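Read in order, the letters of the sequence shown are residues 1 to 175 in my numbering.
The hints are simulated quantities; they were obtained by calculation from the structure and are not laboratory data.
Being a predicted model, the structure only gives us computed values, none of them experimental.
Even glycine gets a Cβ: it sits at the ideal position worked out from N, Cα and C.
One or more hints might be untrue.
[As the list claims (entries may be wrong)] The calculated lysine-lysine pairs, modelled on DSS-like cross-linking and capped at a C-alpha distance of 27 Å, are:
{"id": "1", "residue 1": "K83", "residue 2": "K170"}
{"id": "2", "residue 1": "K71", "residue 2": "K173"}
{"id": "3", "residue 1": "K106", "residue 2": "K83"}
{"id": "4", "residue 1": "K88", "residue 2": "K71"}
{"id": "5", "residue 1": "K173", "residue 2": "K163"}
{"id": "6", "residue 1": "K106", "residue 2": "K88"}
{"id": "7", "residue 1": "K173", "residue 2": "K83"}
{"id": "8", "residue 1": "K49", "residue 2": "K163"}
{"id": "9", "residue 1": "K170", "residue 2": "K71"}
{"id": "10", "residue 1": "K49", "residue 2": "K71"}
{"id": "11", "residue 1": "K13", "residue 2": "K173"}
{"id": "12", "residue 1": "K88", "residue 2": "K163"}
{"id": "13", "residue 1": "K106", "residue 2": "K71"}
{"id": "14", "residue 1": "K173", "residue 2": "K49"}
{"id": "15", "residue 1": "K173", "residue 2": "K106"}
{"id": "16", "residue 1": "K13", "residue 2": "K71"}
[Unchecked claim] Distance ranges between label pairs, derived from CB positions:
{"id": "17", "residue 1": "G63", "residue 2": "Q148", "range": "16 to 26 Å"}
{"id": "18", "residue 1": "E117", "residue 2": "L33", "range": "26 to 36 Å"}
{"id": "19", "residue 1": "R118", "residue 2": "L33", "range": "20 to 30 Å"}
{"id": "20", "residue 1": "G100", "residue 2": "G51", "range": "16 to 26 Å"}
{"id": "21", "residue 1": "N172", "residue 2": "N104", "range": "18 to 28 Å"}
{"id": "22", "residue 1": "N145", "residue 2": "R171", "range": "25 to 35 Å"}
{"id": "23", "residue 1": "N172", "residue 2": "D111", "range": "10 to 20 Å"}
{"id": "24", "residue 1": "E34", "residue 2": "Y89", "range": "29 to 39 Å"}
{"id": "25", "residue 1": "K173", "residue 2": "D14", "range": "25 to 35 Å"}
{"id": "26", "residue 1": "T64", "residue 2": "D14", "range": "17 to 27 Å"}
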Amino acid sequence: MAKGGWTVMQRRKDGSVRFNRTWTEYVEGFGDLEGDYWLGLNHIHRLTKDGSQIYIHLQHYNGTWLYAHYKDFTVNNAATAYKMNIDKYGFEGTTPDILGSHDNMKFSTYDRDNDNERYSCSVHYGGSGWWFDRCYRLNPNGRYNYEQMGGLAYYSGSAFYMKNSVIKLKRNKHC
Numbered sequence: 001m002a003k004g005g006w007t008v009m010q011r012r013k014d015g016s017v018r019f020n021r022t023w024t025e026y027v028e029g030f031g032d033l034e035g036d037y038w039l040g041l042n043h044i045h046r047l048t049k050d051g052s053q054i055y056i057h058l059q060h061y062n063g064t065w066l067y068a069h070y071k072d073f074t075v076n077n078a079a080t081a082y083k084m085n086i087d088k089y090g091f092e093g094t095t096p097d098i099l100g101s102h103d104n105m106k107f108s109t110y111d112r113d114n115d116n117e118r119y120s121c122s123v124h125y126g127g128s129g130w131w132f133d134r135c136y137r138l139n140p141n142g143r144y145n146y147e148q149m150g151g152l153a154y155y156s157g158s159a160f161y162m163k164n165s166v167i168k169l170k171r172n173k174h175c
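Using the sequences provided together with the hints, build the complete structure.
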């Protein structure tokens, strides 16, 4: 689960696990540590509540890997619907700022709509769970091997569909 202090929060590598899941499943976590995997919102909250970094690796279908690294990432508790916060100024990477529009958003699933759109972004984009706003810049839990709306993708002027993703967390050291 952790390498060099990093904990895998999410992995998509072979499509063996479906990510169109209920709220409860996203809270508890699912999948296989060595394969497709979601850590679970309760665990993510515990790891990030005192401040952490998030490192997002995305692989294009052509084999190219891109990354986004945010130096300050937190997920609040269940009472806030696991609201996510980032420091947009602590961003570096080879992708555009793919989490900025998700900042301060509550987590949504197809059975618990917390986004800012008039319809459910989760339902509209294949049932995946994420911190949707109107609807996404990043959808790492979208349909696997699906190069259409609702697939694993990020958006920057147009959709860029991804073959694989790995999202890792690391607690920030406090003096």
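Hints, verified against the model:
no., hint, in the structure
1, K83 x K170, "holds (18 Å)"
2, K71 x K173, "holds (11 Å)"
3, K106 x K83, "holds (4 Å)"
4, K88 x K71, "holds (9 Å)"
5, K173 x K163, "violated (33 Å)"
6, K106 x K88, "holds (17 Å)"
7, K173 x K83, "holds (22 Å)"
8, K49 x K163, "violated (30 Å)"
9, K170 x K71, "holds (9 Å)"
10, K49 x K71, "holds (14 Å)"
11, K13 x K173, "violated (30 Å)"
12, K88 x K163, "holds (26 Å)"
13, K106 x K71, "holds (20 Å)"
14, K173 x K49, "holds (13 Å)"
15, K173 x K106, "holds (26 Å)"
16, K13 x K71, "holds (25 Å)"
17, G63 x Q148: 16 to 26 Å, "holds (20 Å)"
18, E117 x L33: 26 to 36 Å, "holds (33 Å)"
19, R118 x L33: 20 to 30 Å, "violated (38 Å)"
20, G100 x G51: 16 to 26 Å, "holds (18 Å)"
21, N172 x N104: 18 to 28 Å, "holds (19 Å)"
22, N145 x R171: 25 to 35 Å, "holds (33 Å)"
23, N172 x D111: 10 to 20 Å, "violated (33 Å)"
24, E34 x Y89: 29 to 39 Å, "holds (35 Å)"
25, K173 x D14: 25 to 35 Å, "holds (34 Å)"
26, T64 x D14: 17 to 27 Å, "holds (19 Å)"
The structure fails to meet hints 5, 8, 11, 19 and 23 from the earlier list, while all remaining hints are met.
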